[in-house]
Amino acid sequence: MSANLTDRPSSHHKPRFSGRRIADAGFSRSPAMSRRDVLLGGFCLCCIPQLGFAAAETTGLEEIASGVFVRRGPDVEASPGNRNGIANIGFIVGRDAVLVTDPGGSLADGRWLRSEIRKHTEKPIRHVVVTHMHPDHCFGAAAFEEDRPNIIGHHGLGAALQARGEFYRQRLAEILGPQEVGAVVLPTQEVSPDGAEVDLGGRVIRLKAHEAAHTTCDLSMTDSETGLLFAGDLLFVGRVPSLDGSLLGWLDELQKLRALDAKKIVPGHGPAAAEAAPAIADLERYLATLRDETREAIDNGMTIDEAVETVAQSERDRWTLFDDYNGRNVTQAYKELEWE
Amino acid sequence: MKLLRNLAITALFALAYPGVASAGVSVIDGTEPERQARWEEISEYVFGDRPIEAGDDHIAIEAPRRAQDPALVPITLKVLKKDEVRAVHLVIDDNPSPYAAKITIGPAGDPSEIRLRVRVNDYTNIHAVAETADGKLYQTRAFVKASGGCSAPISVADAEALEGAGQMKMKFGEGDKTGSATLMIRHPNFSGMQMNQVTRLYTPARYLDHVKVSYGDKTVFELKGDISLSSDPVIGFAYDPSETGEFIVQATDTKGASWKESFVVPARTN
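Protein chains in written order, with the working numbering: chain A, 1 to 340; chain B, 1001 to 1270.
Chain A with its partners taken away, still in its complex shape (with noise of 0.2 Å):
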């Protein structure tokens, strides 16, 4: 059986948060559409924009599909000029709620968001969904604390981030600044290994957590209106992936992808929008070209640095960012693969 967690938390869940209630009270909610709602309303999947490398720099909101807004986070490196806004973030407007997902990469990062959520809706910001523990993906949930929303994980994010997070929001203030930045924001819900699901009025989405793969805390996403795919970073679209998770793992998890069927996917990175077919393939292709080549290099007694020079170098040409990234994704996979 699956229970959804209604927009509106009915009075059963409340027992449930031990914590700092999610304020319903006394939070104004308008029941009528935006202007921006009814005029962008009818956009249709066929029309999404295919953006390849050229267009990397886009940073505003597309509306990729009824109500679905991303931002294409451009393929470059956190930098003092960008709030470390190089992931894909968005939201999703339901009839009665919108969810956020991912937040952003700072707080500043994620205040831009918010600032564009409320061009476009003023209905209550309940949920945010963080995808992952990397700091591009999720620093930016501080920007919604006015809004006292549900922050949604997989039920390895806690930790994860408890591991984790503190360093990477010093790494991070040493780039942008400390103020940019924001505080580490916990999941206050967690996605079990069941899935689980969300409903903002009549539009239900569903929530998935994987197995370890790009990193150990995945979550997908599928919005039942759209049929849209949100995969995190379990897809990059022409951005080198980054490995932080298990390679082995990661092959797996892109099959359970291909099973939802998606038609479009929201990657991590790349397009606001890809195909879902091609996507997966290109990714699967890499991953299962590091895998290979990776083992054979153990296998012919090549020591991890002669590797990081050797494998997955018919990749190169095939995606961004390339050597910031093949080096570090070829030396975690002898890490996990030279124990077999």
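Because the hints were derived from the structure by calculation, they are not lab data. Cβ coordinates follow ideal geometry from the N, Cα and C atoms, glycine included. Do not rely on the hints blindly, as some may be mistaken.
[Claimed, not checked] Coverage of chain A stretches by chain B, computed from C-beta distances (three or more under 8 Å per stretch; other residues unrestricted): (1) 153-166; (2) 303-317; (3) 331-338.
Keeping the supplied structure of chain A fixed, place chain B upon it in accordance with the hints.
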């Protein structure tokens, strides 16, 4: 049935950190005279007033100029005068605990190539010092760009990381790599600088401080380790393949746990 489990976070947004973090000043800005002064300070601490000569003809160090992963920086030490050198010291100057390892070569050992994986906490010089049988010291160095390697959290929970501690594997080189081997030991090698955000406590340092490898009844090498060795330490070494018998590995950590394992060199096919 609840599928979204609510978490008891008493102060969700109150986890802001006290004050403002320090400006993140690091030795990235260090100048060469400062680096030299640092090295003099460390070398005096480690070697006392023994003279250390420039030793590029005795020892070479191979390290990536920029680390792929600051918590796992592969370092290769190549001893060029292997018949003279009996010990090799590795110093990572700007690490919080710079003296990373000392490897003493035994009668069945061969110092010509030693491979280690280390944590690098900041842009730093890494010094390798070769010590000859008659006690002379020769140094060389490499500069590595990396940061945060010592405080980088390990990827799994502390308790989980300790569960498999002491598990070992040894791989033996074949063909033209006969006489080389790689020892792998599971151990989180907690540096003492990895912090749990909720408890605000650092996981106490716990690392392999002594590893001894023997072949037959002769010592190959002994390693004294420190927090700068990466988690799940991997040590590449060379040995005298004319010896016979078993490899015995004995490892202990700073909490007094010890492990012992034996390995047999696969039969040569030629």
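**In rising order, the numbers of the hints this structure does not comply with** = Every hint satisfied by this model.
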